[in-house]
Amino acid sequence: MDDFLIRAGLAGLVVAAISGPLGAFVVWRRMAYFGATLSHSALLGIALGLLLGISPMIGVAGVGIVVALVLSAGSGGDGAAHLSEDTLLGILAHGALALGLVLIAFADNARFDLMGYLFGDILAVGMTDLYWLFGVGTLIGGVLLWIWRPLLTMTVHAELAQVEGIDVARVRLVFMLILAALVALAMKIVGVLLVTSLLIIPAATARPLSRTPEQMAALAAICGGLSVLGGLSGSYVFDTPSGPSIVVASMVLFVLSRPVAALSIRR
Amino acid sequence: MPERDDGGNILIEASGIDVSFSGRPILKNAEASVRSGEIMTLIGPNGAGKTTMIKVMLGLIPPHGGTVRRRPGLRIGYMPQRLTIDPSLPLTVNGFLALGLDRAQAKMGRRRHVLSEVGASQVADSAIQNISGGELQRVLLARALLRDPDLLVLDEPVQGVDVWGQTELYALIRRLRDERGCGVLMVSHDLHVVMAATDQVVCLNHHVCCAGHPEMVSRHPEFVSLFGTEIAGELAVYHHQHDHDHDVHGNVVPHGDHEGHVHG
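If you're matching them up, the sequences are chains A and B in order.
Each residue of the first sequence is one higher than the one before, starting from -4 at the first, in this note's numbering.
Each residue of the second sequence is one higher than the one before, starting from 11 at the first, in this note's numbering.
I should point out that these hints are in silico values taken from the structure, not numbers from a laboratory.
Note that this is a predicted model, so its numbers are computed, not measured.
The reader is advised that the hints may include incorrect statements.
As the list claims (entries may be wrong) - A short, non-exhaustive set of chain A residues, derived as facing chain B with CB atoms under 8 Å:
#1 Thr148
#2 Leu155
#3 Ser205
#4 Met211
All residues carry an ideal CB built from backbone N, CA and C; glycine is no exception.
Throw the hints in and build the complete structure from the sequences for me.
Listed below in structure tokens is the structure:
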């Protein structure tokens, strides 16, 4: 097998291993739209990276952190400007995406592959990218393990968690920050427009097969890994774009899991 | 307001509490305290600030004015008003009880014991989203008890429970207090049951209308104007000897000489 395929597979598996458990929390906490906002605003980060002459990855992480801080400061306030969080997220997501696209027009477009950022470029993952993925991936995984119990407790009931001594605001901020970091990583694999799918779909697939939160997180990682491998093979055989192929593979797994869901409801 | 002697066993004490949301005052100079072994109930109409008061005492809402003093090292078991867990979270009752406890507290045998103490053993392995309202209240109570609390804080503990279950649940709370000697702070709407099952009452309507023993509170003019003479009169019945009856307005009339109803 070609080296670039092996690198692509490894990169995809690393991202799937983290996005599975993180995605489970995104699903439990109903933060799908928040994930979409983070990933759409990533394009603004790329544009800023290009304009300032720094790594797009750092631009993405920077914008993600700012978005996380803004939203974390905003939640808990009493409805700024009489708009629901849902609406604010929508404005932020599409505003940032549009601003990113506009700014990119100002940058030197000669060597810039917009499609690669929108839909991912997993086959172009190099050794340096891979080292970064492993390093940052391990860091995100470690932080998630560290906040696992408090985060799960406050997902069940935030005030109960606070009375029981958990610093709810801090844990929520840490969670948003590792989510932003994951978006920066996953962008390379499936692209800005499809990052959320790697969070949501494997977790949703794992749900009917799980009895505990830990099982669901692990199964989500496995489903994500299978999607990466399936999507890459499909992309290789049929010569289709790799990012969307991975998402299509995860959709297939999700559809296959539905009969199990129906059975577990009847039980 | 009747004074209570200040024994050294005050668990928590809030005084001069002011809270307002977007300029609208919710609590004005409100106060309440709970002593160990005592059941203290906050009553009052909807929107009177009862839940806000509880949250201030729990430290969930910082008051704009006033202080909350807790006995050092106070362990609180909190039972929130409602619990909505997304159906996507696979969590059994047992898993819910173990969450956020240290290893010694989370022992399987201990969880089983507390579940049977509140009469919810049958749902131990059910998904938390699938149990009934009454069962959920008991499970929430069990979770609070697993922390060996000095103070139980219950926000409308009988919500979503049928009338029979309500009486049973209040009896359970009283029994737990007797056995464990902990203080209980609760919010309630159900005046009838509560007045019979509580040691101290604070009647709240943004400010403290009146406070004291249920019997005194139910005869307090502010309480009567808040809840109407009918209810106030009926409630007083739980606590005083019947050397008189009440007419339909709750006014006291001599025995046998009235057009109202007879109690007891």
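Tested hints:
Contact between Thr148(A) and chain B, as hinted, is supported at the beta carbon level, the nearest pair being about 4 Å apart and thus within 8 Å. Because the smallest distance between the Cβ of Leu155(A) and any Cβ of chain B comes to about 6 Å, under 8 Å, the interface hint for this residue holds. Of the supplied interface hints, the one on Ser205(A) holds, with its beta-carbon coming within about 5 Å of a beta-carbon of chain B, less than 8 Å. Using the Cβ-Cβ criterion of 8 Å, the hint placing Met211(A) at the interface with chain B is satisfied: the shortest such distance is roughly 6 Å.
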